[in-house]
Amino acid sequence: MRRILLIYVLLIVIPGCMSYSPASRKEYPGIQKTCLRPFPSVRYRVVHSIRGSLPGGRSAVISGISDFTPSTGRIHAVMMSIEGLTFFEAVHDGRMSVKRALPPFDSGEFAEGMMEDIALILMKPRGDMIEAGFISGNGCLCRYGKGNETVEIIYRAGEKMTWTLIRRRNGAILRKVRMSDLTTDGIPERVVLTAYKPVSYTLSLVLMQREAIRY
Amino acid sequence: MRAQSRRIILHCMVVPILFFLCAWGGNRSDIKKTAGTISSISAVFTQKKMLKILSKPLVSKGKLYYQKPSSLRWEYESPVKSILIMHGSTVKRYIWHNGKMIEDSSAQIQSMQVVMNEISGWFRGDFESTKTFAATVKPGRMIELVPKEKGLMKIIQKISVKLSTKPGVIERVTITEGLDSLTILEFTNVLLNKTIPASLFQKI
Numbered sequence: 022m023r024r025i026l027l028i029y030v031l032l033i034v035i036p037g038c039m040s041y042s043p044a045s046r047k048e049y050p051g052i053q054k055t056c057l058r059p060f061p062s063v064r065y066r067v068v069h070s071i072r073g074s075l076p077g078g079r080s081a082v083i084s085g086i087s088d089f090t091p092s093t094g095r096i097h098a099v100m101m102s103i104e105g106l107t108f109f110e111a112v113h114d115g116r117m118s119v120k121r122a123l124p125p126f127d128s129g130e131f132a133e134g135m136m137e138d139i140a141l142i143l144m145k146p147r148g149d150m151i152e153a154g155f156i157s158g159n160g161c162l163c164r165y166g167k168g169n170e171t172v173e174i175i176y177r178a179g180e181k182m183t184w185t186l187i188r189r190r191n192g193a194i195l196r197k198v199r200m201s202d203l204t205t206d207g208i209p210e211r212v213v214l215t216a217y218k219p220v221s222y223t224l225s226l227v228l229m230q231r232e233a234i235r236y
Numbered sequence: 012m013r014a015q016s017r018r019i020i021l022h023c024m025v026v027p028i029l030f031f032l033c034a035w036g037g038n039r040s041d042i043k044k045t046a047g048t049i050s051s052i053s054a055v056f057t058q059k060k061m062l063k064i065l066s067k068p069l070v071s072k073g074k075l076y077y078q079k080p081s082s083l084r085w086e087y088e089s090p091v092k093s094i095l096i097m098h099g100s101t102v103k104r105y106i107w108h109n110g111k112m113i114e115d116s117s118a119q120i121q122s123m124q125v126v127m128n129e130i131s132g133w134f135r136g137d138f139e140s141t142k143t144f145a146a147t148v149k150p151g152r153m154i155e156l157v158p159k160e161k162g163l164m165k166i167i168q169k170i171s172v173k174l175s176t177k178p179g180v181i182e183r184v185t186i187t188e189g190l191d192s193l194t195i196l197e198f199t200n201v202l203l204n205k206t207i208p209a210s211l212f213q214k215i
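Line by line, the protein sequences are chains A and B.
Taking my numbering, the leading residue of the first sequence gets 22, the next gets one more, and so forth.
Taking my numbering, the leading residue of the second sequence gets 12, the next gets one more, and so forth.
FYI, nobody ran anything at the bench for these hints, they're computed from the structure.
Ideal Cβ placement from N, Cα and C applies to all residues, glycine included.
You may find that some hints are simply not true.
[Said to hold, decoys possible] Distance condition first, Cα-Cα at most 25 Å in a straight line; then the derived BS3-like pairs of lysine-lysine:
no.	chain 1	residue 1	chain 2	residue 2
1	B	Lys-169	B	Lys-159
2	B	Lys-59	A	Lys-120
3	A	Lys-120	B	Lys-103
4	A	Lys-120	B	Lys-149
5	B	Lys-111	A	Lys-120
6	B	Lys-74	B	Lys-205
7	A	Lys-120	B	Lys-177
8	B	Lys-74	A	Lys-181
9	A	Lys-120	B	Lys-205
10	A	Lys-120	B	Lys-74
[Unchecked claim] Distance windows between CB atoms, simulated:
no.	chain 1	residue 1	chain 2	residue 2	range
11	A	Leu-75	B	Met-153	37 to 43 Å
12	A	Arg-116	B	Gly-99	39 to 45 Å
13	A	Val-63	B	Thr-176	45 to 51 Å
14	B	Glu-160	A	Val-220	39 to 45 Å
15	B	Met-61	A	Gly-77	56 to 62 Å
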């Protein structure tokens, strides 16, 4: 009963708030192409200035470097202070290898959580596309599912094109990501990630550098 | 976060301290004698961060101002604007965000007081009793600083200073974190003992 209710909420109620109409299978490829515009298909190296806001009003600004390969899911990430002090460096290619981690970034949970956030922001969702459709105002929606997790991508056209990602586990929202201002090669210049569970925080990313790696 | 703040502040403070070392005639006994001759420093810096993950260094540019006994302004102008101001026992850090400077609340005053006690000793030319770095003179106008504390050594392996032929001026500082991680600071337009407006250490 609960599952039926969940499906009803996910498929009917929420899209209904945006005036949603499911697409035909024939229309899926075109919609998916729009949904996945912010996610490159080749290996990239990006540098962001990241402002993190934590509960209690604390905030910090750091630099983040990510070298990611969409075809394999490999991520090499570095976080450092503006002054050049490296806080954290790790590689995830199916398994986590932490190369450097200063407190308080030295917990395994932090590394896993951070890599998941990076994957959510930089690479197309894992799993198959299980739903696609149109929303009012020339927008569209794509929903991906894997196991007990779903990721919805909501594209809205208008003065500023935006992509909003919602990551859920068992129906509960874990993350929301808003992307906008794509560069000429499709990388978002501005990203805001809001985390809800297990810890709440917000990351505002501004793209400083990007480079496609084709070797 | 306190330990983290302390590391960041030490990372920034290394450079002004090194200018004091440069007044050094070449051996330790000169340090105390000449430490009192430098009362202020201003310089333009270019910071290059080199990491294995990068194909080319990350370059930042900014300005440094230091006024004895305990005022520092470390200002990044690009690519990210930020200002670290230390004035007496007050430490504040500001970051440019959404079109204005906002205070970064991660700096902790308690950590800074510990750092300032350390630095006060350096300013008196006292490097023997410092708990932080061991300084060695090397050939080729080089000074090498190695952390004494094991905890700090995991963060900074060593700091190499290249002195300019101009007395009292540093040409370059290389901070080695590890095999594949370096931060290089290069200084130009260095001015020693010029009047620096007090407002630079009080306002952003």
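Hint-by-hint comparison with the structure:
1. The hinted pair formed by Lys-169 (chain B) and Lys-159 (chain B) meets the criterion: a straight-line CA distance of about 10 Å does not exceed 25 Å.
2. For the hint linking Lys-59 (chain B) to Lys-120 (chain A), the alpha-carbon distance of about 21 Å falls within 25 Å, and the restraint holds.
3. Between Lys-120 (chain A) and Lys-103 (chain B) the alpha-carbon distance is near 31 Å, which puts this suggested pair outside the 25 Å criterion.
4. Taken as a hint, the Lys-120 (chain A) and Lys-149 (chain B) pair is broken in the structure, with Cα atoms around 31 Å apart against an allowance of 25 Å.
5. Restraint check: the Cα-Cα separation between Lys-111 (chain B) and Lys-120 (chain A) comes to about 35 Å, which exceeds 25 Å; the hinted pair is violated.
6. Note on Lys-74 (chain B) and Lys-205 (chain B): the hinted pairing holds, with a Cα-Cα distance of about 15 Å set against a maximum of 25 Å.
7. Taken as a hint, the Lys-120 (chain A) and Lys-177 (chain B) pair is broken in the structure, with Cα atoms around 40 Å apart against an allowance of 25 Å.
8. For the hint pairing Lys-74 (chain B) with Lys-181 (chain A), the CA-to-CA distance comes to about 36 Å; that exceeds 25 Å, so the pair is violated.
9. For the suggested pair Lys-120 (chain A) and Lys-205 (chain B), the alpha carbons sit about 44 Å apart, so the restraint of at most 25 Å is broken.
10. Distance hint between Lys-120 (chain A) and Lys-74 (chain B) is unfulfilled; the C-alpha atoms sit about 32 Å from each other, more than 25 Å.
11. Under the hint 37 to 43 Å, the C-beta atoms of Leu-75 (chain A) and Met-153 (chain B), about 42 Å apart, fit the expected range.
12. Evaluation of the 39 to 45 Å hint for Arg-116 (chain A) and Gly-99 (chain B) yields a failure: the beta carbon distance comes to about 49 Å.
13. One distance hint, 45 to 51 Å for the beta-carbon pair Val-63 (chain A) and Thr-176 (chain B), holds here, with the actual separation near 48 Å.
14. The supplied range of 39 to 45 Å is broken by Glu-160 (chain B) and Val-220 (chain A), whose beta-carbon atoms lie about 31 Å from each other.
15. Separation of Met-61 (chain B) from Gly-77 (chain A) is about 35 Å and departs from the stated range, judged on CB atoms against 56 to 62 Å.
Comparing the model with each numbered hint stated earlier shows that hints 3, 4, 5, 7, 8, 9, 10, 12, 14 and 15 do not hold.
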